[in-house]
Amino acid sequence: MSDPTRAEICAVAIAEAFRGDGELLVSTFGTTPSVGGRLARLTFEPDLFMTDGVAAGAESVIPVSGKSSEEPVLGAWMPFRLFFDNVVWTGRRHVMMMASQIDRYGNQNFACIGPHEKPKAQLLGMRGAPGNTIYHRTSYFVPAHTDKVFVDRVDVVSGVGYDRAAALSKENSRFHHIHRVVSNLGVFDFETSDHRMRLVSVHPGVRVEDVVSGTQFELAHDADVPETRLPTPEELHLIRDVLDPEGWINREVRE
Amino acid sequence: MDKRTTEREVVAELRDGMTIGIGGWGSRRKPMSLVREILRSDLKQLTVVTYGGPDAGLLCKAGKVDKLIYGFVSLDSIPLEPHFRQARQAGGFRAAELDEGMLQWGLRAAAHHLPFLPIRAGLGSDVLSVNPELKMVRSPYEDGEELIAMPAIELDVALIHVNRADAIGNGQILGPDPYFDDLYCMAAKKRFMSCEKVIPTSEFAKHGPVRTVSINRLMVDGVIEAPGGAHFTECLPDYPRDEDFQREYASTAKDPEAWEAFKARYLDVSEGDYQEAVKTR
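Chains as they are written, first to last, in our numbering: chain B, 1 to 255; chain C, 1 to 281.
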């Protein structure tokens with residue numbers, strides 16, 4: 001079996017972000033997060049609940065391409081409205097969203113670049129980010145880590161970070177939890193005294209300096225930053241033969 | 001009772017400055033034949049409320065929109081709606097951008113004649129700074145929590161598209177997701193429902209169980225038979241999204257000449273000619 005690619009290492013780091021979630025609905029955006037979530041479910045988090053991306057719970061795991069010789073096994077009806085009524089607003093969810101910009105406290109932007117009145121680049125809009133971050137656990141994935149993404153100040157706050165949550169009342173922020181950020185360079189959390197972003201591990205082949213120079217703000221990190229763990233042979237088999245035979249993740253995360 | 005009408009008669013009832021809610025979601029089951037009829041009209045200064053897809057892109061591009069109330073605008077298989085982006089970046093309309101859940105809550109408040117509904121979504125985010133008219137409300141109970149008071153989004157008109165309807169205004173949604181169509185109708189003064197086919201009431205049962213007839217006639221003032229009326233958005237199980245057409249639509253955003261050609265061929269023509277042009281392309 002050939003050495004793991006950077007994308008495969010990211011997929012495993014993403015799976016690890018869902019470790020301990022138990023029976024939560026895991027929503028993923030982007031190809032690598034979708035592989036990572038399904039990988040967690042096929043290995044150490046078998047109770048995760050996922051959807052078919054349309055309007056139902058998926059009770060079988062199919063490749064991210066959607067190409068499968070077997071009909072997907074659908075469970076509960078899960079139309080868009082029930083996402084709010086039954087899942088988001090009850091808190092039984094862990095979402096991994098993308099971030100066009102993210103700052104040291106985990107404030108995230110995918111709404112627009114530039115001033116909101118007349119943006120330089122309109123992106124997705126607020127989408128569900130304000131609600132997701134205030135109602136349940138949230139993580140982020142950044143496939144190309146640069147200092148244009150890891151910024152001092154995001155142009156618009158769509159996903160709420162720790163400093164903003166701290167400025168709210170205890171009742172308001174009681175479900176707020178930014179769990180992990182996974183980029184193509186490393187894994188990050190907010191387990192510092194004031195919830196500033198911390199570099200938890202660098203992916204094999206990445207130096208701490210590379211991450212620091214690709215980040216506008218000062219990153220917390222220990223003197224010795226460990227390497228992100230490698231996929232096990234079983235995980236590599238699941239990624240390559242079951243979840244992503246087309247290797248789509250290697251187009252999202254470059255070497 | 002017979003509520004059947006036409007796109008033309010519906011749009012003749014609309015006025016400049018009205019607030020119009022458009023059902024469906026993203027590039028899915030949008031009442032596109034009604035949107036196309038608005039594009040053919042002189043209507044302007046509209047406030048449009050939508051889980052946005054090409055409806056938002058087309059109306060913003062055409063300069064029909066004074067204010068867009070939305071959580072996102074997307075073509076699904078093309079995540080960013082290029083015509084909407086262009087109009088946004090040109091500052092062509094006021095953008096009331098909300099969390100997706102807030103939009104539902106605003107429609108629900110209007111549907112139930114409530115001035116607002118409390119919601120936690122939006123707290124701490126820039127939803128509050130880009131929508132300065134949003135106000136807070138404090139729980140009168142012991143917890144005393146302060147929440148956002150999402151105001152009712154009252155609509156003058158709701159436009160939705162469903163699979164089957166009868167002439168008296170019951171609507172049957174056969175696809176997997178009813179989205180928020182019922183809320184749009186209940187939040188509006190005038191409600192118009194286009195459908196793939198008008199059938200006798202007695203035939204609903206042939207197509208699906210009674211719960212698929214989720215739009216009741218109390219919610220609907222006018223029924224428009226519009227086969228292909230959701231094109232190029234999906235209208236399952238009748239048809240999937242026309243991805244080729246959608247790609248063509250999206251690609252015209254960066255090329256004014258291509259846009260003019262698209263417009264001449266598909267928008268500056270009658271609905272019948274549109275459907276014909278789609279078939280023969």
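Take these hints with a grain of salt, some might be off.
[Said to hold, decoys possible] What follows is a set of in silico ranges between Cβ atoms, one per label pair, in the way DEER data are often shown:
(1) C:T201 - B:N86: 42 to 52 Å
(2) C:L174 - B:E209: 52 to 62 Å
(3) C:K67 - B:S65: 34 to 44 Å
(4) C:P79 - B:P226: 27 to 37 Å
(5) C:P115 - B:E71: 46 to 56 Å
(6) B:D241 - C:P79: 41 to 51 Å
[Unchecked claim] Listed below are several chain C residues computed to face chain B (Cβ distance under 7 Å; list not exhaustive):
(7) R40
(8) D42
(9) F72
(10) D76
(11) R88
(12) A96
(13) E97
(14) R120
(15) L123
(16) D126
(17) M136
(18) P140
(19) E145
(20) P176
(21) Y179
What the hints contain is simulated information worked out from the structure, not anything from laboratory work. Backbone N, C-alpha and C define an ideal beta-carbon position, used for all residues, glycine too.
### Query
Of the hints given before, which are not true for this structure?
Numbers 1, 6, 7, 8, 10, 12, 17 and 18, in rising order.
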